[in-house]
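With chain A fixed as given, assemble chain B onto it according to the hints.
Number of protein chains: 2
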Amino acid sequence: MKFEYYNPTRLIFAAGALARLGEVASQHGKRALLVTGGGSVKRSGVFDRAVASLKLAGVSTVECSGVEPNPRITTVRRGARIARDEGCDVIIALGGGSTMDAAKVMAAAFYYDGDPWDMIYHGQPKPYVPTRALPVITVPTLAATGSEMNMGSVISNEETKEKSFVQAKCLYPVIALVDPELTMSVPQDQTAYGICDIITHVTEGYFNGVDGTPIQDRFAEGVILTAMEYGLKALEDGTNLDARAQVQWASIVALNGWVNAGTNGGFPVHMIEHTLSAYHDITHGAGLSVVNPAWMRFAARHRPEKFVQFAQRIFGLKGKGPDDLACAMEGIDRFEGFLRSTGCDPPVRAEDWGRAYDTICQ
Amino acid sequence: MKFEYYNPTRLIFAAGALARLGEVASQHGKRALLVTGGGSVKRSGVFDRAVASLKLAGVSTVECSGVEPNPRITTVRRGARIARDEGCDVIIALGGGSTMDAAKVMAAAFYYDGDPWDMIYHGQPKPYVPTRALPVITVPTLAATGSEMNMGSVISNEETKEKSFVQAKCLYPVIALVDPELTMSVPQDQTAYGICDIITHVTEGYFNGVDGTPIQDRFAEGVILTAMEYGLKALEDGTNLDARAQVQWASIVALNGWVNAGTNGGFPVHMIEHTLSAYHDITHGAGLSVVNPAWMRFAARHRPEKFVQFAQRIFGLKGKGPDDLACAMEGIDRFEGFLRSTGCDPPVRAEDWGRAYDTICQ
Numbered sequence: 125m126k127f128e129y130y131n132p133t134r135l136i137f138a139a140g141a142l143a144r145l146g147e148v149a150s151q152h153g154k155r156a157l158l159v160t161g162g163g164s165v166k167r168s169g170v171f172d173r174a175v176a177s178l179k180l181a182g183v184s185t186v187e188c189s190g191v192e193p194n195p196r197i198t199t200v201r202r203g204a205r206i207a208r209d210e211g212c213d214v215i216i217a218l219g220g221g222s223t224m225d226a227a228k229v230m231a232a233a234f235y236y237d238g239d240p241w242d243m244i245y246h247g248q249p250k251p252y253v254p255t256r257a258l259p260v261i262t263v264p265t266l267a268a269t270g271s272e273m274n275m276g277s278v279i280s281n282e283e284t285k286e287k288s289f290v291q292a293k294c295l296y297p298v299i300a301l302v303d304p305e306l307t308m309s310v311p312q313d314q315t316a317y318g319i320c321d322i323i324t325h326v327t328e329g330y331f332n333g334v335d336g337t338p339i340q341d342r343f344a345e346g347v348i349l350t351a352m353e354y355g356l357k358a359l360e361d362g363t364n365l366d367a368r369a370q371v372q373w374a375s376i377v378a379l380n381g382w383v384n385a386g387t388n389g390g391f392p393v394h395m396i397e398h399t400l401s402a403y404h405d406i407t408h409g410a411g412l413s414v415v416n417p418a419w420m421r422f423a424a425r426h427r428p429e430k431f432v433q434f435a436q437r438i439f440g441l442k443g444k445g446p447d448d449l450a451c452a453m454e455g456i457d458r459f460e461g462f463l464r465s466t467g468c469d470p471p472v473r474a475e476d477w478g479r480a481y482d483t484i485c486q
Numbered sequence: 125m126k127f128e129y130y131n132p133t134r135l136i137f138a139a140g141a142l143a144r145l146g147e148v149a150s151q152h153g154k155r156a157l158l159v160t161g162g163g164s165v166k167r168s169g170v171f172d173r174a175v176a177s178l179k180l181a182g183v184s185t186v187e188c189s190g191v192e193p194n195p196r197i198t199t200v201r202r203g204a205r206i207a208r209d210e211g212c213d214v215i216i217a218l219g220g221g222s223t224m225d226a227a228k229v230m231a232a233a234f235y236y237d238g239d240p241w242d243m244i245y246h247g248q249p250k251p252y253v254p255t256r257a258l259p260v261i262t263v264p265t266l267a268a269t270g271s272e273m274n275m276g277s278v279i280s281n282e283e284t285k286e287k288s289f290v291q292a293k294c295l296y297p298v299i300a301l302v303d304p305e306l307t308m309s310v311p312q313d314q315t316a317y318g319i320c321d322i323i324t325h326v327t328e329g330y331f332n333g334v335d336g337t338p339i340q341d342r343f344a345e346g347v348i349l350t351a352m353e354y355g356l357k358a359l360e361d362g363t364n365l366d367a368r369a370q371v372q373w374a375s376i377v378a379l380n381g382w383v384n385a386g387t388n389g390g391f392p393v394h395m396i397e398h399t400l401s402a403y404h405d406i407t408h409g410a411g412l413s414v415v416n417p418a419w420m421r422f423a424a425r426h427r428p429e430k431f432v433q434f435a436q437r438i439f440g441l442k443g444k445g446p447d448d449l450a451c452a453m454e455g456i457d458r459f460e461g462f463l464r465s466t467g468c469d470p471p472v473r474a475e476d477w478g479r480a481y482d483t484i485c486q
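In the order they appear, the protein sequences are chains A and B. Here the numbering used here is used: the first residue of the first sequence is 125, the next is one more, and so on. Here the numbering used here is used: the first residue of the second sequence is 125, the next is one more, and so on.
So here's chain A without its partners, still in its complex pose (with noise of 0.2 angstroms):
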């Protein structure tokens, strides 16, 4: 194990904390950005809640509504100008995943001069990696992608069909105000492509990490165990508050770094999910639902100690020795078993997904 961590996020996990955004918001600034996406938490007076909140608070606010699920590059230059234009000294994301990484990026354009795209990585020899941003506040809505308390963003860009990420420090959100009751109203078909993004943001590490990790085994294992478990009961019943506040610490925790601190793996998964929705424009935990059980049975027969251990701890599953891959795919089998329990049937065109799948499992 050889690795550097670091996240100087604070966290304020709490039923009821979007009350505070006001009071954490002036700690930051005057006049905030709010970044939105496509109009659920106007729908559900979230965004009225929040905007009383700043105004007691004495901070003024400006609108960039209309985030895309897959965020478009052409909507960070959009926010940034306004950001600019109406002299915002702090940003904050009020939705998804989505809306946390265009607002972070939007951040890091406030400063610089060229085109944010630069920063985004897409093969350019030397991407623009940006030193300073104006402070961000996430206020997640959607347990999933744990941008809430990272560094990470993944932008699309609709003209090139690519989709690819940045990672600075200086895109770490300086608070993340987390209040599980905004997810209570999230759809059932959302809720289990969240749980499916949480899931494989640990098997990510788990099965693509260096060997010589018992902690963070056992860290994945905890968050894969809790996602499945309360994921089910947020599934069954979306008011279930202590259901989504489990689910949404799993969403945070499964990405923060505390899980895959020291694993130095790649994210394969997500490389390949992120290729699939940059030509489909889908969901991306529903693109992970697809991928992931097909990349893990691919993958199993190279390293199948760690499909044994992830069959043994996650499904209880007696195997004969670290090589039994009959085990191992017992496990992948069951794990899919799980996402089709949640509802995960991916919402594009089947023959698509069967080219897809086809590739990935050639």
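Since the hints were derived computationally from the structure, they do not count as laboratory data. The beta-carbon is built from N, C-alpha and C at its ideal position, and this holds for glycine as well. There is no bait here: all hints are sound.
Some chain B residues judged to face chain A by a derived CB distance under 8 angstroms, without partners named: (1) F127; (2) Y129; (3) R134; (4) V347.
Frame of chain A, contents of chain B only:
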């Protein structure tokens, strides 16, 4: 679950990381106060290697040696005076938990005109909570207290026979430079006490925290299982670098906020032990090895379900239900048996411990 979490310490974890001390220290200062303990870092050559690395990076040093196993406020006063007199701008703790704890309070005392004992909570109506401190870099040579990556410090007052703590944001080390190679020369008894300390840090939140923390429970169990498995390996062969690394990593995550976030529990076992060692000046982990099982037997009767879970998940026992006190007690017996197997025999007079034990168990 309702909580806040914040930890801005940058962690560098690698075998051989000591060689980077100069490089990272030079980012924070030009003249370092090197805080050390009883001389083992001199005998092992670690001190000379640290000074050489600092010199190479242009960081001059002045030393405050002789920090006691239970660090004393007199030593804190002495260190702060040296730092002021010598114009230090960074403090480096090179040693175990006591060295790191003393260094933190010296760093805050540097800016405080009053007596640093004001900062240590000892029943005064309003302790002085420091808001400013010199940057501290921790370089642990022992896996135990987790002080390398948290904002806590425990200090003793030999005159008043008090041992208590301070917690303040300004006490977070700027960098934890963790090189598990440095723990390879730790003798067996101190290794064993460290393992007990690590496990007790997570059992505090596990048994005393609020209900409904499934992820934290799994994280705690992961730390316990890993500390037990790799702790025994480190005891068997102190030069087993992988075992030392896993135990070191366990010590960090046990008390950097990751496992206890949201459990919102007290630290009764630590509080009892602090009182005992304030009088008997014994090693903290040795005291915990007596207090923790005794306390667990007391607490199990009031909250059996958590102890049944512990027995099941740590020792694989079969419980008949959440109220199966026999199963809970069997788990505690097994745990105490594990501690004894590590050699955690309290190095104090038997009659003292007898009295203490009797008091706790009444």
